[in-house]
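Build out the structure end to end from the sequences listed, making use of the hints.
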Amino acid sequence: MVRRWCRTFSDGRQQVEDIPRAGRTRTATTDANVVKVDNMIRANRRITIDEVAEELGISHERAQNIIHDILRYRKVSARWVARQLTSTHQEQRMAVSLEHLSNLNKMELCDNRHENKNF
0 MVRRWCRTFS DGRQQVEDIP RAGRTRTATT DANVVKVDNM IRANRRITID
50 EVAEELGISH ERAQNIIHDI LRYRKVSARW VARQLTSTHQ EQRMAVSLEH
100 LSNLNKMELC DNRHENKNF
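Take the sequence shown: its position 48, counted from the start at 1, is 47 in numbering that gives the first Met the number 0, and no numbers get skipped.
Treat the hints with care, since some could be wrong.
Label pairs and their calculated CB-CB ranges [said to hold, decoys possible]:
id, residue 1, residue 2, range
1, 77, 11, 38 to 46 Å
2, 76, 106, 34 to 42 Å
3, 43, 12, 43 to 51 Å
4, 82, 6, 36 to 44 Å
5, 80, 6, 20 to 28 Å
6, 35, 91, 55 to 63 Å
7, 101, 19, 58 to 66 Å
8, 98, 31, 47 to 55 Å
9, 83, 63, 27 to 35 Å
10, 15, 97, 43 to 51 Å
11, 84, 33, 33 to 41 Å
12, 101, 26, 49 to 57 Å
13, 11, 53, 42 to 50 Å
14, 10, 58, 49 to 57 Å
Just so you know, these hints were derived from the structure itself, not from any lab. C-beta atoms are modelled at their ideal positions from N, C-alpha and C, and glycine is treated no differently.
Written out as structure tokens, the structure is:
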């Protein structure tokens, strides 16, 4: 592979971008299919990869690639769930946690009120 690159650049090629080549164009991993798969999973979290592939008319491997690598879903208890929180969700989670912590520090707990009293 590297030898081929060296030879092409020695022969005068100056650009590193891929040149158009013959062969089948990518038709399965399109933005439209990614959106369709995401909508299908959100509508039915128990849908299988084979059902997604059959519905869209794509291969099992392409459907799996879209679900796992592009949308970053994983199966938990036979349901598709997002792999990680988005940065927005992480910020919201942090804000709510800090608010709860602040409220906890302001609360007067039963143990603190009755600490100095003799029963």
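Structure-based check of each hint:
As the Cβ distance of residue 77 to residue 11 is approximately 57 Å, the hint placing it in 38 to 46 Å is violated. Our hint of 34 to 42 Å for residue 76 and residue 106 holds, since their Cβ atoms are close to 36 Å apart. Separation of residue 43 from residue 12 is about 49 Å and conforms to the stated range, judged on CB atoms against 43 to 51 Å. Against the hinted window of 36 to 44 Å, the Cβ-Cβ separation of residue 82 and residue 6 comes to about 42 Å, which satisfies the hint.
Range check, residue 80 to residue 6: Cβ separation about 48 Å, and the 20 to 28 Å hint is violated. The beta-carbon spacing between residue 35 and residue 91, approximately 28 Å, falls outside the hinted interval of 55 to 63 Å. Hint check: residue 101 to residue 19, Cβ distance near 59 Å, so the stated range 58 to 66 Å holds. The supplied range of 47 to 55 Å is broken by residue 98 and residue 31, whose beta-carbon atoms lie about 40 Å from each other.
A C-beta distance of roughly 19 Å is found between residue 83 and residue 63, which places it outside the suggested range of 27 to 35 Å. Taking 43 to 51 Å as the suggested C-beta distance range, the pair residue 15 and residue 97 conforms, at roughly 47 Å. The hinted window of 33 to 41 Å between residue 84 and residue 33 is violated, with their beta carbons roughly 20 Å apart. Taken as a hint, the range 49 to 57 Å holds for the pair residue 101 and residue 26, whose Cβ atoms sit roughly 53 Å apart.
As the Cβ distance of residue 11 to residue 53 is approximately 48 Å, the hint placing it in 42 to 50 Å holds. Restraint check, residue 10 to residue 58: a C-beta distance of roughly 37 Å breaks the suggested window 49 to 57 Å.
In the structure shown, a violation is registered for the earlier hints numbered 1, 5, 6, 8, 9, 11 and 14, in ascending order.
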